[in-house]
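Student: Those protein sequences? They're chains H and E, same order as listed.
Residue numbers for the first sequence follow my numbering, so the first one is 7 and each next one is one higher.
Residue numbers for the second sequence follow my numbering, so the first one is 9 and each next one is one higher.
Careful, some of the hints might be misleading.
Cut-off 30 angstroms, straight-line C-alpha distance, at most; resulting in silico cross-link-like pairs (DSS-like, lysine-lysine) [stated by the list, open to error]: (1) H:156 with H:252; (2) H:354 with H:292; (3) H:134 with H:239; (4) H:117 with H:75; (5) H:303 with H:283; (6) E:127 with H:239; (7) E:127 with H:303; (8) H:268 with H:338; (9) H:338 with H:324; (10) H:159 with E:127; (11) H:268 with H:66; (12) E:243 with H:252.
None of these hints come from the bench; they were simulated from the model.
From a predicted model like this one, the values you see are computed outputs, not experimental measurements.
One-letter residues, chain by chain:
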Amino acid sequence: MSRTTRRMTLATIAACALALALPAAAQDKGPLKTCFVYVSPISDAGWTHQHDIARIQMEKNLAGKVTTKYVENVPEGADAERVIRDLAQSGCKLIFTTSFGYMNPTLKVAKQFPNVDFEHATGYRTAKNVGIYNARFYEGRYLAGIVAGKMTKTNIAGYVAAFPIPEVVMGIDAFTRGMRSVNPKAVVKVVWTSSWFDPGRESEAANTLVAQGADVLTHHTDSTAVVQAAEAKHVYAVAYHSDMSKYGPDAQITAVTHVWDKYYTHVAQTVLDGTWKPDHVWGGIKDGMIKMGPFGKAVPQDVRDLEEKAEAEIAAGKLNPFTGPMKDNQGKLRLTAGQTITDDALSKMNYYVEGVEGTLPSGG
Amino acid sequence: MDTCAQLVILTLAAGTPLVFAALGELVVEKAGVLNLGVEGMMLTGAVASFIVTADTHSPWLGVGAGALAGAALSLVFAVIALTLLANQVATGLALSLFGVGLSAFVGRGYISVVIEGIKPLSIPGLSDAAIVGRLLFGHNPMVYLSLALFVAVQWFLHRTRTGLVLRAVGESPASAHAIGHRVIALRYAAVLFGGACAGLGGAYMAVAYTPSWAEGMTAGRGWIALALLVFATWKPWRVLAGAYLFGGVTLAQFQAQAAGVAIPSQLLAMLPYVATIVVLAIISRDATTIRLNAPASLGRPFHPE
C-alpha cells in the first residue's frame, strides 16, 4: 500500500467516525430511547420478569415520551459488552443493565459514549454517566419471616439458597430475625444448591428440608421449584422475586417481590428533564421497590395485621431488621443494643445470625 | 424408619432421569455410535411432553410425545452421522446445542403454564401402610417405567439374538456386515431408541419430577448420563447403581447441610460427582473388563463397501 492511499484510508475512517458521531449528537428530539439488557429470558416469574414488567409500566407512565427496547438472555462478560455497545450505537439514550456481572462492560461502554446515560443494577461502581441502583430485599425478607414465624408449627423453616454471597446471606439473616421477632423458638435450616437455576436440585433440596421437619420453605434461587415442592408436600412457602401463587395456591403464604417501575419512570423523567445525575440508589419498602405478595388463604387476619404494622414501621424508618442486640450464631455480639447495622456492614455480611443452623460455607 | 423409606423414594426419584438417558445411550454406544446430544434430546423431550400435557391435560400422552420428540431429534443425528458419515462427536455436540436452543424457542409460550403432572402412586392400603408397602408402591409411575426399561435393556442386550448382533455391530461393524447383518439399519434403530429414552428422561423431569417448563431445566443431567456410562463400563446394572448413587449422594449432601454439618457446601456439592466416579471406578477397576465392555468401534463411522 502506498503512502497516499494509506493517508486516504485514514481520512475515510475519520470521516466515517465523524458521520457516526454526528447524528448521535443531533438526535435529541423525539421520544427518549430507553434500552434494557436482561441476563435471562423473560419468563413468567423471577428476576428478569420483574424488570420487564417495570419496563412496560414505565412505557405506559411516560406514554409518547419514551420508547423502549430490550435484549434478553445476555450472558455476563464479553457478550454483554458487545450488546451494550450495539444498543448505545443504535441511538439508545438511557440504558439499564440489570445484572451484577454487567458492571465492567457497562463502565467500559459508558466511557466510549459520554452522551448516553447508564443505570446498572446491583453493582457498586459509578461513573460520570453511570448510576447504580439496588433494592433492600432484606426488608421484605424480614417481613416474610414474621409471617413464616407465625405460620410454622414445627418452628423450623427451610431456606434453599444458591451461593453464599452477602446478598443471599443478608436475606437469610433478615428472614431469621423476622421469624424470631414473633417466634423466639424458630430456627432456619439452610441448604445451598450451588446453582442459581436447577429446578430438579431446588426441588430435591426443598424435599430434604421438609423431611427434616421444615414446614415453611423459602428460596433464593431463580425457579419456581421450591414453591411447587411446598405445594406437593403440603407445607407453606414464601416466594421470592415474583408472586408465585399460581404454582403454589395453597402453599404460598406471602412473597417478596421486586418492583422497579416507579424507579424506572423516575429515572427516565429526570433524563427527559435534563436533571439526571449518576446516583447510588438503595431503595426499600419505603420507596416502593419491594412489595409483599398477596397473603395466602391460610394466613389469619392477626398475622396479616402484624406484618402490615411492621411494614408500615419499616416504611416510616422506625424499624430496621438489623437492630441490636444482635448475635451471630456462634454467640458473638455483632450489634450492641439499639445499634443499627451500617450499609457497608450489610453489603459485606458474611455470618449467620442467631437462629440459623449450621456454619456459613464461606467460613464467616 | 419413615424417613428411611422417604429417603429411598427420593433417591430413586432423583436418579430416574439419569436412568432413562443413560440406558438409552448405552444401547446407542453398544451399537458403536457415540451420540453426545443427550442433553439436547432430553430438553426436547421435556418441552414436547410439557406442551402436549398442557394442551391435552394428559401427562401420559405428554410422555409419549417426549419420547417421540427425542427420537425425532436423534434421527437428525442419525442422518448426519450414519448416512452422511459426519464426525460423530461434532454432530452430537451440535445436536446438544441445537436441542437446547430449539426447546427454549418452542417452549417460549409455555413457561407460565401450570400443569397437573404425574403424581406418585397412592394405592389405598398399600402405598401408605407399612414401610414395605411404601417402598414397593410409593413411587412415581415413571420410576417403575424406568425400572422396566432397565430389565428390558438388560434382557435385550444379553438374552436376545438381535442384542447379540447389536453388540457385534458395535465391536466390529465390518465383520457383522460381512456375514450379512444390516449395520446401518441397526445403528439407526439404536440411535432412535436412545433418543426416545433421552426424551423420556426429559419428560420425567417436565411432567413428573418438577412439573413445569423452564429453559435448560435438565441442568446438565444429559452430560452426567454420558459420563456415567463410561464409568459404569457400559453395564446396565452399574448404570442403574451409578444413577441412584448420584441421586442418593446429592440428597445426602442436602441432608447433611440441613442438619447443620460443618462442611463447606461447595465441597458437598462436588460430592455426588466424586462419589459416583470413585465408586464406579473401583467396581470397574479391572482393565480387562473395561476393554471387554467398551464397544471397540465406538464413534468410528462405518461405510458398507
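Student: Evaluate each hint against the coordinates.
Tutor: Taking the hints in turn, this is what the structure says about them:
1. For the proposed pair residue 156 (chain H) and residue 252 (chain H), the alpha carbon gap of about 23 angstroms is at most 30 angstroms, so the pair holds.
2. Between the alpha carbons of residue 354 (chain H) and residue 292 (chain H) the distance comes to roughly 23 angstroms, so the proposed pair stays at or under 30 angstroms and holds.
3. For the proposed pair residue 134 (chain H) and residue 239 (chain H), the alpha carbon gap of about 52 angstroms is over 30 angstroms, so the pair is violated.
4. For the hint linking residue 117 (chain H) to residue 75 (chain H), the alpha-carbon distance of about 22 angstroms falls within 30 angstroms, and the restraint holds.
5. Restraint check for residue 303 (chain H) and residue 283 (chain H): the C-alpha separation of about 44 angstroms exceeds 30 angstroms, so the hint is violated.
6. For the proposed pair residue 127 (chain E) and residue 239 (chain H), the alpha carbon gap of about 12 angstroms is at most 30 angstroms, so the pair holds.
7. With a C-alpha separation of about 24 angstroms, the suggested pair residue 127 (chain E) and residue 303 (chain H) falls inside the 30 angstroms cut-off, and the hint holds.
8. For the given pair, residue 268 (chain H) sits about 40 angstroms from residue 338 (chain H) by alpha-carbon distance, which is inconsistent with the 30 angstroms threshold.
9. Between residue 338 (chain H) and residue 324 (chain H) the alpha-carbon distance is near 26 angstroms, which keeps this suggested pair within the 30 angstroms criterion.
10. Restraint check for residue 159 (chain H) and residue 127 (chain E): satisfied, since their Cα atoms lie roughly 26 angstroms apart, inside the 30 angstroms limit.
11. With a C-alpha separation of about 11 angstroms, the suggested pairing of residue 268 (chain H) with residue 66 (chain H) holds against the 30 angstroms cut-off.
12. Taking the CA atoms of residue 243 (chain E) and residue 252 (chain H), the gap is about 43 angstroms. The hint is violated against a cut of 30 angstroms.
Violated hints for the displayed structure, listed by number in ascending order: 3, 5, 8 and 12.
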